[in-house]
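*Asks:* For reference, the chains in residue letters:
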Amino acid sequence: MLLRYITRRTLIGFVQLFCLVIAVFFLIRLLPADPVSRLVGLNSSPEAYEQAARQLGLHRSLFDQLGIYLGLNPEIAQGLLQGSLGTSWATGSSVGSEITTFLPVTLQLITLAFILAFVISIPVGMLGALNPGKAADKGIFVYSLFAGSQPEFWWGLLFVYVFYFQLGWAPAPLGQLSPMTFPPEPVTGFMLIDTLIAGEPAKFFEALHHLMMPVITLAFILSGPIIKMVRQNMVRALQSDFVLYANLIGLPGKRVARYALRAAMGPSMTLIGILYGFMLSGAVLVESVFSLGGIGQYAIRSVLAFDYPAIQGVVLVITAISLIVYLALDLIHAAIDPRIAY
Amino acid sequence: MKSIMSITTSALCALSIAGAASAQEILILAEDVPAGLNYDGPTAAIPSSQQGMVTLLEPLVGYADGEVSDGVTLPDFNTFEGRLAESWEFDEASLTWTFKLREGVTGCGGATFNADDVIYTFQRAKSVSGAAPIGWFLSNVASIHGFGPEVFGDDASAKELGDSIVKIDDYTVQIKQGEPNALLLPVLTIFGLLIFDKETMEANATDSDPWSHDYVNNTNAPGFGAYCLESWAKNEQITYSSFEGYYRGAPDATRVSVRRVPQSSNRLVVLRSGQADLVTGLTPREFNSIAEVDGVTVAGITGNENLFIHMNFDVAPFDNVNLRKAISHAIPYDQIIATGYFGQATKWEGHVPSTYPGFTASAGFSYDPEIAKTLLAEAGYPDGAGLEVFADAFALSYVAEKESTLGPIVNVIQTALRDVGIPATLNPIPQTQYGDRQLVKRDLPFAVNDQEKPIGVDAGYAVQLFFVSPEKGGLNNMVNYRNDELDTMWSGARVEPDNATRDATLAKIQDMLAADVVWLPVVEYRTQWAFSDKITGLKWYPDNSIRYSDLQIDE
Amino acid sequence: MAAATQELMPEQATYIPPAHRADWLMRIGVSIVTLVIFLAIFGPYIGPYDPTRTTIRIAVPPPGFTEMPRLFWAWIDGTLDHPPHWMGTDANGYDIFSRVIAAPRTDLKIALLANILSLIAGIFFGLVAGYWRNWSTELLIRVSDVLQSFPVFIMAMVLVALAGRSATNIIIALAFVYTPIYLRLTRAEVLSQTSRGFVEAARAMGNSELSIAMRHVLPNSLTPALIQSSVTIGFAILLTAGLSFVGAGVRPPTPEWGLMISTGANQIVLGEWWPSVFPGLAISLTVFGFAVLGNALERRYERG
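Residue numbers (numbering that gives the first Met the number 0), protein chains in the order written: chain W, 0 to 341; chain L, 0 to 554; chain F, 0 to 303.
One or more hints might be untrue.
Quick list of simulated restraints, FRET-style, between CB atoms [as the list claims (entries may be wrong)]:
id: 1; chain 1: W; residue 1: MET268; chain 2: L; residue 2: GLU387; range: 53 to 61 angstroms
id: 2; chain 1: L; residue 1: ALA376; chain 2: W; residue 2: LEU61; range: 46 to 54 angstroms
id: 3; chain 1: F; residue 1: THR78; chain 2: L; residue 2: GLU291; range: 31 to 39 angstroms
id: 4; chain 1: W; residue 1: ILE192; chain 2: L; residue 2: ASP115; range: 46 to 54 angstroms
id: 5; chain 1: W; residue 1: TRP168; chain 2: F; residue 2: PRO68; range: 33 to 41 angstroms
id: 6; chain 1: L; residue 1: GLY342; chain 2: W; residue 2: TRP168; range: 32 to 40 angstroms
id: 7; chain 1: L; residue 1: ALA337; chain 2: W; residue 2: GLN165; range: 24 to 32 angstroms
id: 8; chain 1: L; residue 1: GLU229; chain 2: F; residue 2: LEU70; range: 53 to 61 angstroms
id: 9; chain 1: F; residue 1: LEU70; chain 2: W; residue 2: ILE192; range: 54 to 62 angstroms
id: 10; chain 1: F; residue 1: PRO62; chain 2: W; residue 2: ILE114; range: 41 to 49 angstroms
id: 11; chain 1: W; residue 1: MET268; chain 2: F; residue 2: ILE119; range: 27 to 35 angstroms
id: 12; chain 1: W; residue 1: TRP168; chain 2: L; residue 2: ALA315; range: 55 to 63 angstroms
Since the hints were derived computationally from the structure, they do not count as laboratory data. Keep in mind the model is a prediction, meaning the values are calculated, not measured. Idealized CB from N, CA, C, for every residue including glycine.
The whole structure should be built from the sequences, with the hints applied where relevant.
*Replies:* Given below as structure tokens:
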């Protein structure tokens, strides 16, 4: 039963992805600017234009181009079926390699932010749920509402002004490492891991130092909805029958709270997934304030440069990750919750 | 006594020599690092990529040093100097240039220079196998024989060099022109005809990529420049190490690292903290804010950077010359210089850079709102009545990525135009779209442009590029100006061997441009750099990239 | 992320604090929202400067607190040659105060229109998907899924690249973001409605499916979406500001908080905090006000 459900959802996921790829392919070809113009810069004679168009493969019909992109004509160029996302028109490097350079930066940032947000939110949310109506709970409630409605890019700038410019505690918002430092060999693409693999703990701490403010900024924003969610789910769990029973038979309060927390985490999974998926591109605001060079900035640069393969690649990757995350969470939820019918 | 003195002196000398021999590394922050090193590739038009090309490769010919302004040396555009070519002769009758190449020139990785490298470079240019045919374009502009549009067909023989460029012996090459054209030597100084090392290029060619475009786009540009490529991570940093055997002398800066820091304010911050040695591309405001800081020098010269307003003749109501003249008097030039450039600009009085040979000061527009209103009424729109229907045409476009530099300027222009009754609005658009609409579609009605820097240092080149009718070869004629008289005059001047006559014709042409307000020149702004006090010796080149080999580092 | 939380929050019972303690919070929310609406209507007129005209005073800092009363009286007396710049000026010479109070008009207009558009589309499709359950509505939900996992910023940028920067394009992009949310909300409500008796009864009485859907189910299913919209308006302002910050928003010199923060962002490292801080403060308070208001409405609904 479960297997059938998994297969069905996975298949649907693939179909969604495929339709998305096709849709994006045609959508961006509606873009008004000609990517060719970027190449002909100094010289826009019709011959040069032709030449450049030929280079980009634009002289072929739309469907031919789609076919090549999907990988149906591997003699002309590598395509999706061969695992290639094409070549960026702006830089000439493969889109896949560029994405593997930028994506880990964002993943690292938001994963750390989520962890920090959780570390803060769970105790705070529990505190509120266990003391309903008291001053602490009221304060927590207001805080969660406040934090969740903040413009993160503004807070990022504020932190830069206070903690860098005024106090000097944080480094200048120049990227993952200071410009003076040579980055370690990119093995995984995750700066923190790579510095450790390369055996350079000084750079590890420097990277951590540079990540401090962006992570705090994002964690601050994330803490709003997460606290709210933990609190609400905890309250619900605390009102449920099994907790009532646990209290009646005299289990210690802390133990009951832990059981309730476990029950509260289940429904929270979907929200986490949605937040994570959203943050993949939503982190771009914080990324640009701190010049981190993540996938969001890469996407923006590609759109501005009308770099079709890069745009297609980024949209595909980000959406694929989101869909996978949703699918995984749906499956976990389905496995846990017997009420969900396959 | 004397002996002690002489011992001390020689000891001091030895110490200072030892000091000079120590490694001198500099860190440069730029908006971007090269995205490719191929002047026939997709990144050819990007200044940060051009910087990489001129660092690693060497031209045949260069300009001699001219005057020094603010500590920066300017080229003397009237005197050519040999680089990889030692000397040359020109035979007017057969239009043939004979170049005597320099012997004993070597490059990174043991490369040796001779005529084969020159032939290879031009053959590669003529093959137009890259994403952008810049090498071909420059050769075509200089009327090198055989570099016409016929190379773009499928006919493989049209891409052969034939007898246009011939190797006479290992150190002599002949280049034939198809018609008299004064642009040959200027063109040979440009980044689009830098000489590659044939052996390394061919070693990295593949069957599907015989001219090594992939290699140069992504790995290295092998040539005879002052630096060798040490490491390169696109979008991050690029590091060069000096080539000890550089034929003009080993550079002072032994190691140059360029880091990508996209935001200008961030570059400023690092420079101020003393961690970087040189930054480029700051806004005028930012340059102004560090000009007085200890340890930092700001130097600027008037080169070929300028700002003008673009009004498209093919879009109403800009076909109305009186309207164009009215607008020319509505622009507050001095305010723009003061608040947009902090004084680091001068009013531009012509249509070609004032430093270029052949420039004549012809435009004499002044800021006078009263005259502007009168002319507006004469144009048929008293107080702007009737212009509302052209609201779309009056959306002042500019490159969105340059918001921090152009912001103050376009906002001032917009306010000033509205003050005389012209319904101007702002329209920032991405660079790619701007380029497309300006160069390919040519339908941009009204825009502010600060990125036209003609790479051929010659007023005639600029005229050819921008002001000749699009149908007759005006490749960048973004305003769709069509003037038969100008076209005829230029086609004569183009092949005119006598410089005086050519200059006189060019002067007349520039007067015509001013009369029709073909462009509305606003300012020529200074090209500036900010760097640590220990650096001197900066030189300016028309491509606005510095050559790291010029820098002198004092410890 | 703000949009994402809409997904789950309203479906779960909200904790209901005792009525008298809730009031002060709601009063704050209502006051903020009222102020914003007031500024949306009158803001561009009451500022001392025209929000779209530059002055020649570039990057002037705001006056210190102790300065302000003196300046104020001098201004009233007419002894100043130009009105004071209460929040300073930015690098282009615009008076920040006039622009901060003129911005709600832009932001609110976009947020309202986007919301209305997505409400209509979301409710309609949610009704269809919830009432008629077959393969086509399943498809609808899957499409809605994909739309939700689509990276919002990139889509907005593509739209902007397609059609230029304008308020209309932002509205369309926002509508794409919020329609799936309303769709899900409405659908969930419709599903729960149709499982109740009155639908069966109406069918038994011979009413057509369409009339049942429109006259009985729809009115009862509107509430969650409508409640949601008050919070969503606030988050739409956040999203608009974010889009303007990355360059996909409104065109300058339209006063808009996100755009102002973006223009001022470069100056923070130079120590000039005022072009970015004041607009940000405005967004911060505004969205918070809407969130509080929405929350209060939610609670009312839950209780009722």
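*Asks:* Now tell me if each hint is right for this structure.
*Replies:* Against the structure, the hints come out as follows:
Here the CB-CB span from MET268 (chain W) to GLU387 (chain L) is close to 57 angstroms, well matched to the stated 53 to 61 angstroms. The hint said 46 to 54 angstroms for the Cβ distance between ALA376 (chain L) and LEU61 (chain W), and at roughly 52 angstroms that hint holds. One distance hint, 31 to 39 angstroms for the beta-carbon pair THR78 (chain F) and GLU291 (chain L), holds here, with the actual separation near 34 angstroms. At about 48 angstroms, the CB distance of ILE192 (chain W) to ASP115 (chain L) agrees with the hint of 46 to 54 angstroms.
One distance hint, 33 to 41 angstroms for the beta-carbon pair TRP168 (chain W) and PRO68 (chain F), holds here, with the actual separation near 35 angstroms. A C-beta distance of roughly 37 angstroms is found between GLY342 (chain L) and TRP168 (chain W), which places it inside the suggested range of 32 to 40 angstroms. In this structure the supplied range 24 to 32 angstroms holds for ALA337 (chain L) paired with GLN165 (chain W), their Cβ-Cβ distance being about 31 angstroms. Between GLU229 (chain L) and LEU70 (chain F), the C-beta spacing of about 58 angstroms keeps the proposed range 53 to 61 angstroms intact.
For LEU70 (chain F) paired with ILE192 (chain W), a C-beta distance near 55 angstroms keeps the hint of 54 to 62 angstroms intact. Distance hint check: the CB atoms of PRO62 (chain F) and ILE114 (chain W) are about 44 angstroms apart, consistent with the given range 41 to 49 angstroms. For MET268 (chain W) and ILE119 (chain F), the Cβ-Cβ distance of about 32 angstroms falls inside the hinted range of 27 to 35 angstroms, so the restraint holds. For TRP168 (chain W) and ALA315 (chain L), the Cβ-Cβ distance of about 59 angstroms falls inside the hinted range of 55 to 63 angstroms, so the restraint holds.
Against the hints set out earlier in the document, no violation occurs for any number.
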